Each structure stands twice: as structure tokens, then as C-alpha cells.
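Starting from the given sequences, assemble the full structure and let the hints guide the process.
These protein sequence lines are chains A and B, in that order. In my numbering, each number is its position in the first sequence, counted from 1, plus 3. In my numbering, each number is its position in the second sequence, counted from 1, plus 30.
Just so you know, these hints were derived from the structure itself, not from any lab. As the structure is a prediction and not an experimental result, all values here were calculated from the model. Where a beta carbon is used, it is the ideal one built from N, C-alpha and C, also for glycine. Some hints here could point you the wrong way.
What the hints assert, rightly or not - Cβ-to-Cβ under 10 Å is the rule here; a few derived chain A residues that face chain B:
1. Trp7
2. Pro14
3. Ile23
4. Ile24
5. Ile26
6. Arg31
7. Phe45
Stated by the list, open to error - Anything over 12 Å on all C-beta distances counts as not near chain B; from chain A, calculated:
8. Met43
9. Leu44
10. Lys46
11. Gly47
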Amino acid sequence: MPEWWLEAVLPGVVFTLLFIIWIALPSRPDEPDIGSKIRMLFKGHKDD
Amino acid sequence: MTDQLVEKLKSNMSINLTSGLAKKRLVGIIIFATIVTLFFVFNRFPKLDIVEGDLESITGPVIECFQGFCIESDPDTSFVSRWVNFSVTYLRLVTIGMTFAFLIAALVESFLLPPGSKPWSGGGLLGRTLKGAMLGPMMNLCSACIVPVSTAIKRRGAGIEGTIALVQGSSTMSVPALLMASLVFAPLLGVSRIIISVLSTLMIGPAVYWIDRIGTSVSDKPEEITDTNLLSISDSQSWKSAMSEAFRDWAKAGCLYLIKLGPIMVVAGFGSGLVIQWINPQYIDMFFGNHVLGVALASSLGILINVPLMFEIPLVALLLLLGMEVAPAAALLFTAAAGGPVTFWGLSRILGRRALLSFVSITWVFGLIVGLIVLLIAVNVPSLNWGFRPTTTAIEYRAAERTYGPLWDAIEESVE
Numbered sequence: 004m005p006e007w008w009l010e011a012v013l014p015g016v017v018f019t020l021l022f023i024i025w026i027a028l029p030s031r032p033d034e035p036d037i038g039s040k041i042r043m044l045f046k047g048h049k050d051d
Numbered sequence: 031m032t033d034q035l036v037e038k039l040k041s042n043m044s045i046n047l048t049s050g051l052a053k054k055r056l057v058g059i060i061i062f063a064t065i066v067t068l069f070f071v072f073n074r075f076p077k078l079d080i081v082e083g084d085l086e087s088i089t090g091p092v093i094e095c096f097q098g099f100c101i102e103s104d105p106d107t108s109f110v111s112r113w114v115n116f117s118v119t120y121l122r123l124v125t126i127g128m129t130f131a132f133l134i135a136a137l138v139e140s141f142l143l144p145p146g147s148k149p150w151s152g153g154g155l156l157g158r159t160l161k162g163a164m165l166g167p168m169m170n171l172c173s174a175c176i177v178p179v180s181t182a183i184k185r186r187g188a189g190i191e192g193t194i195a196l197v198q199g200s201s202t203m204s205v206p207a208l209l210m211a212s213l214v215f216a217p218l219l220g221v222s223r224i225i226i227s228v229l230s231t232l233m234i235g236p237a238v239y240w241i242d243r244i245g246t247s248v249s250d251k252p253e254e255i256t257d258t259n260l261l262s263i264s265d266s267q268s269w270k271s272a273m274s275e276a277f278r279d280w281a282k283a284g285c286l287y288l289i290k291l292g293p294i295m296v297v298a299g300f301g302s303g304l305v306i307q308w309i310n311p312q313y314i315d316m317f318f319g320n321h322v323l324g325v326a327l328a329s330s331l332g333i334l335i336n337v338p339l340m341f342e343i344p345l346v347a348l349l350l351l352l353g354m355e356v357a358p359a360a361a362l363l364f365t366a367a368a369g370g371p372v373t374f375w376g377l378s379r380i381l382g383r384r385a386l387l388s389f390v391s392i393t394w395v396f397g398l399i400v401g402l403i404v405l406l407i408a409v410n411v412p413s414l415n416w417g418f419r420p421t422t423t424a425i426e427y428r429a430a431e432r433t434y435g436p437l438w439d440a441i442e443e444s445v446e
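What follows is the structure in C-alpha cells.
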């Protein structure tokens with residue numbers, strides 16, 4: 004395994020997980036953001 | 031009377047977890063403790079071994095590169111490739127620290143001090159400074175990696191003074207760095223580094239605050255965080271709702287920190303990498319002697335570079351071996367750790383222009399002051415004028431049959 008794998012993999016995994024959580028969890032009603040827009044795209048309706 | 035007192039004490043000690051804020055803080059503290067433990071065990075403690083290895087590599091017969099930095103340039107490699115190689119290695123080395131910093135910064139904004147919580151701003155100028163100064167060494171991050179965390183606490187009311195105290199506390203008052211500096215360097219350098227680190231952590235923030243306040247209207251109140259959501263603090267909230275809200279805030283803040291600060295840090299990291307390439311054995315004797323100009327140049331060099339935590343120790347040790355004298359070494363040992371392009375560019379988003387310029391200037395002045403004090407001591411007590419413990423005499427190198435390389439040349443010259 005290359006020497007740099009941890010430096011590349013750890014942040015990649017961490018921030019991918021954070022992005023998924025941002026999309027997966029519902030936003031506050033008055034807080035539209037990229038995460039909630041992507042979530043709406045997936046869910047197909049706007050009553051988030 | 032006693033019963034009342036006992037009741038009051040009990041109510042103060044009991045944990046009321048009905049509010050969403052209390053739930054978030056409890057979980058936030060658990061997550062914080064877990065992440066910090068993992069970070070220390072897998073990254074910070076091994077770093078002590080890395081620095082020890084670096085010190086061995088620079089005191090060997092041929093000075094080897096350490097953490098991407100090569101003092102002896104290979105004639106086959108171009109300036110650009112050395113620059114890129116160092117910068118990429120630097121970014122690799124700070125990646126884990128930076129990931130930790132983004133996670134902690136986001137954790138502060140979502141769990142520990144969520145929107146609507148009582149802000150950090152209490153305690154006045156001294157209180158905010160002390161909070162930053164105490165939290166800093168716990169973070170144990172370099173001056174670049176601490177930027178996201180300081181941004182988060184600034185948003186929660188730490189003020190300029192608390193923010194800068196956190197940056198200085200983390201980068202210069204890190205306990206492993208101070209211990210390592212004390213072990214590696216002779217007392218003059220080690221002690222000067224400890225004293226200037228404490229003073230800078232406690233004094234630079236308030237000094238920048240006062241300079242920033244000059245010229246602003248007397249009626250202007252110090253910045254206060256307005257609580258837009260105070261009702262939610264006392265309102266009861268279910269665990270599911272509080273955790274869903276907090277985890278989403280954490281994820282969102284973490285991603286936004288990465289997007290906003292990540293590119294700046296990469297660009298500034300390359301800028302810092304460019305400056306460090308100008309460190310050349312030929313210039314060390316010429317510019318970094320025990321004189322005021324040497325101290326001023328060393329302080330400036332330190333301000334212009336960002337280095338991973340504790341990197342400044344092998345760097346200064348190497349430069350001492352190559353002819354740098356103790357006064358500029360003291361200045362560089364402090365300013366290289368205290369801040370650099372990544373720190374200043376990152377903080378430019380939260381500090382005003384005047385505060386930022388004051389921060390840079392005062393950090394440089396602190397480097398100058400420590401260098402000048404060490405210069406005075408070194409000139410008046412010549413027996414103390416040697417900064418690196420393992421190189422007290424050249425005999426050790428002769429015994430180890432280290433008879434070639436720039437280190438040997440430097441020792442030969444000093445013996446002659």
C-alpha cells in the first residue's frame with residue numbers, strides 16, 4: 004500500500020460521509036441549501 | 031439554610047437534558063473526546079518519533095531530506111520540482127490535522143456552541159483571551175490547521191483576542207512541541223521558546239484587539255453575537271430531533287469549511303513552499319549571524335513560511351548546524367511556528383484588514399524581541415552561545431566518523 008494512502012483515504016471518506024449526512028438528514032424548514040435541494044431531487048417532492 | 035444550600039448545589043450539579051442544547055452539548059463532548067483521543071494516539075504521538083527521526087537524519091554523515099525539505103539540492107532536480115515536492119509533502123503532512131480541524135470546527139458550530147446557544151463572548155477581554163489560550167494547547171494543531179477552529183469560535187463570539195489566543199496557544203504552546211524544543215535545544219533556546227510562546231498567546235490577541243479598536247467610535251460596542259434562536263435553548267427537544275439537527279449542521283459546516291478554506295490553504299501552502307526553497311547553506315553564514323539584521327531576517331523568514339507542527343525544531347537544529355547563530359535561531363523557532371501565509375490568508379476572512387496586519391506585524395515583533403533578548407544574553411555570556419544540545423563539540427562527529435557533507439564542513443570551519 005502506498006505511503007500516502009491514509010492521507011488520501013481518510014479525508015476522502017470523512018468528507019464523503021459528511022456530504023451524505025448533509026443530504027440525508029432533513030433541513031430546518033427555513034434553511035434551504037444545496038443539501039436540501041439535492042435531497043428534494045432524490046425524493047421528488049418539496050415537502051421536506 | 032444548609033438544606034437550601036444542599037438543594038442548590040444538587041441542582042447545579044445535576045445534568046438537565048431536557049433542552050436540545052444540553053443534548054447536543056453532551057453528545058458533542060463525547061464526539062470531541064473520541065476524535066481528540068484518536069487524533070492524539072494515531073497522529074500526534076507518532077509525530078514525536080518522526081521529529082526524532084528528522085533530528086537523526088540531519089546529524090548523520092550526509093544530511094538527509096526530512097518531511098520533504100532538502101537543504102542539499104540534488105543537481106539533477108530543478109527548483110520547480112523541489113518546490114512542488116516540498117509543497118505536496120507539506121500538504122500531505124497536514125492533511126490529517128486539517129481534517130481533524132475541519133471536523134472540530136464544525137463540531138463547535140453544531141454541537142458545542144450551536145445556533146442560539148449562549149455565545150463564547152463572556153468574560154471580557156481577558157476572559158476571552160484565557161479561554162482561547164487554554165483551548166489552544168488542547169487542539170495541538172499547527173498554525174495552518176488551527177484556522178478552521180479559530181474561525182468557528184470567532185463566529186461564536188470569541189472576538190479577535192480569543193481567536194488569536196487560540197491560534198497562538200495551539201501552534202506555539204503545544205506541549206509536545208515545547209517539550210521537544212526543551213530536550214533538543216540548549217536551555218537558552220528552549221527556555222526562550224517557552225517564555226515567548228506563553229507571552230505571545232496572552233498578549234498578541236489583546237494587542238491586536240486594541241489596535242483594531244483605535245479610530246472606531248466610542249459608542250461602538252464590542253462585537254456581540256446576537257442570539258437569533260434563544261427560545262430553542264430552554265425549549266425541550268426530543269433526542270431524535272436534536273441529533274438530526276446537530277448532525278446535519280455538523281455535516282454541512284464541515285463541507286462548507288472544506289470548500290471555503292481548503293483551496294486557500296492549498297494555494298498558500300505552495301506559497302510557503304516557495305519561500306522555504308530559498309533557504310540555502312551558502313546564505314546561512316552570511317545572513318543569520320548574531321546581529322540585529324540576522325534576527326530581523328529570521329523573524330521575517332518565519333512569518334513567510336508555514337510548517338507542520340514541530341517541523342520548526344529539526345529545521346532550526348539543521349540551520350544551527352549549518353552556521354546559524356543562536357539569536358536568529360530563537361526568532362525563527364518562534365515565528366516559524368506562530369504563523370505563516372496559510373494562517374494569515376485563512377484568518378483574513380474573519381479578521382478585518384487592520385487586525386490582520388496588526389497580527390502579522392506583532393508576531394514579527396515578538397520574534398524580533400525574543401531574538402534580540404537572546405542576542406543580548408549570547409553576547410554577554412558567550413558560554414551560552416550554542417543552541418543545539420547534540421552538537422556541543424565537534425568531537426562527537428569525529429568519533430562518529432562523520433567526515434563529509436555540509437554539516438562536516440560547517441563544523442570544520444567553526445573549529446578552525
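Consistency of the hints with the structure:
1. Trp7: holds (6 Å)
2. Pro14: holds (4 Å)
3. Ile23: Isoleucine 23 of chain A check passes; min Cβ-Cβ to chain B is 8 Å, inside 10 Å.
4. Ile24: holds (4 Å)
5. Ile26: holds (9 Å)
6. Arg31: With Cβ-Cβ at 7 Å, under 10 Å, it holds.
7. Phe45: violated (15 Å)
8. Met43: Non-interface label on methionine 43 of chain A holds, nearest chain B Cβ at 15 Å vs cutoff 12 Å.
9. Leu44: holds (17 Å)
10. Lys46: Lysine 46 of chain A clear of chain B: closest Cβ-Cβ about 15 Å, beyond 12 Å.
11. Gly47: holds (20 Å)
In terms of the numbered hints stated before, the structure departs from hint 7 and from no other.
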